[in-house]
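Novice: The residues making up each chain are set out below.
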Amino acid sequence: TQLLEQSPQFLSIQEGENLTVYCNSSSVFSSLQWYRQEPGEGPVLLVTVVTGGEVKKLKRLTFQFGDARKDSSLHITAAQPGDTGLYLCARNQAGTALIFGKGTTLSVSS
Amino acid sequence: EAQVTQNPRYLITVTGKKLTVTCSQNMNHEYMSWYRQDPGLGLRQIYYSMNVEVTDKGDVPEGYKVSRKEKRNFPLILESPSPNQTSLYFCASSPIRDNYGYTFGSGTRLTVV
Chain W
1 TQLLEQSPQF
11 LSIQEGENLT
21 VYCNSSSVFS
31 SLQWYRQEPG
41 EGPVLLVTVV
51 TGGEVKKLKR
61 LTFQFGDARK
71 DSSLHITAAQ
81 PGDTGLYLCA
91 RNQAGTALIF
101 GKGTTLSVSS
Chain L
111 EAQVTQNPRY
121 LITVTGKKLT
131 VTCSQNMNHE
141 YMSWYRQDPG
151 LGLRQIYYSM
161 NVEVTDKGDV
171 PEGYKVSRKE
181 KRNFPLILES
191 PSPNQTSLYF
201 CASSPIRDNY
211 GYTFGSGTRL
221 TVV
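Going line by line, the protein sequences match chains W and L.
When we follow the working numbering, the leftmost residue of the first sequence carries the number 1, and every step to the right adds one.
When we follow the working numbering, the leftmost residue of the second sequence carries the number 111, and every step to the right adds one.
Take these hints with a grain of salt, some might be off.
[What the hints assert, rightly or not] Simulated crosslink set (BS3-like; lysine-lysine; CA at most 27 Å straight-line): (1) Lys167/L x Lys181/L; (2) Lys179/L x Lys128/L; (3) Lys167/L x Lys102/W; (4) Lys175/L x Lys102/W; (5) Lys70/W x Lys57/W; (6) Lys167/L x Lys179/L.
Keep in mind that the hints were calculated from the coordinates and are not lab data.
Using the sequences and the hints given, assemble the complete structure.
Specialist: Below, the structure written as structure tokens:
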């Protein structure tokens, strides 16, 4: 199983700050997905990135897939308390499983 | 509303007492899967199914059984639960298509005492 390493593991910031979380691997992936999980709920898909160098925006969230397709980042601009949650990156393993990183727990306080 | 429904949301049981966690999806997805989520270990796959009557083991299948008699349902069975199966369980479904995301249920928090 090819691992996905996420960093930082925990992040606690004030409302209005910017932040970036990272997802890295030694392997090349055909695509990568980002999910957000709120306490007591299941993960919810945010985005899928497919092409090396691809950048996708979802309101204040910007997702980037590395040129070599081994890494990805999620940047949040002007974080809000509603952004609080666990952010997970995942890759699809031959259509049989989603392999997840261990996630970044984000806490945004007002 | 397109969704994956798990029941129950919370369950406390005793060691050795058989239990079933149900999972149903209304999106006509071919693929369904069970995960458990534990602190420090993240989400790990237990079993998955590519279609009716087709199931296979994930990374942590020991102590669990599944069945897929109908496309919409994928129950998780613990024949003889043990305390190390105390965890948060998620069912997920997806079409079998490249780059499609999974839809997860809201989870079942199981405590085995």
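Novice: Tell me if the straight-line CA distance from Lys167/L to Lys179/L falls inside 27 Å.
Specialist: 17 Å, holds
Novice: Taking 27 Å as the top limit, are the C-alpha atoms of Lys179/L and Lys128/L close enough?
Specialist: 20 Å, holds
Novice: Does Lys102/W sit within 27 Å of Lys175/L, going by the straight-line distance between their CA atoms?
Specialist: 25 Å, holds
Novice: Does Lys57/W sit within 27 Å of Lys70/W, going by the straight-line distance between their CA atoms?
Specialist: 20 Å, holds
Novice: Does the alpha-carbon distance linking Lys167/L and Lys102/W stay inside the 27 Å limit?
Specialist: 21 Å, holds
Novice: Does Lys167/L pair with Lys181/L here, judged by a C-alpha cut-off of 27 Å?
Specialist: 18 Å, holds
Hint compliance for this structure: every hint is met.
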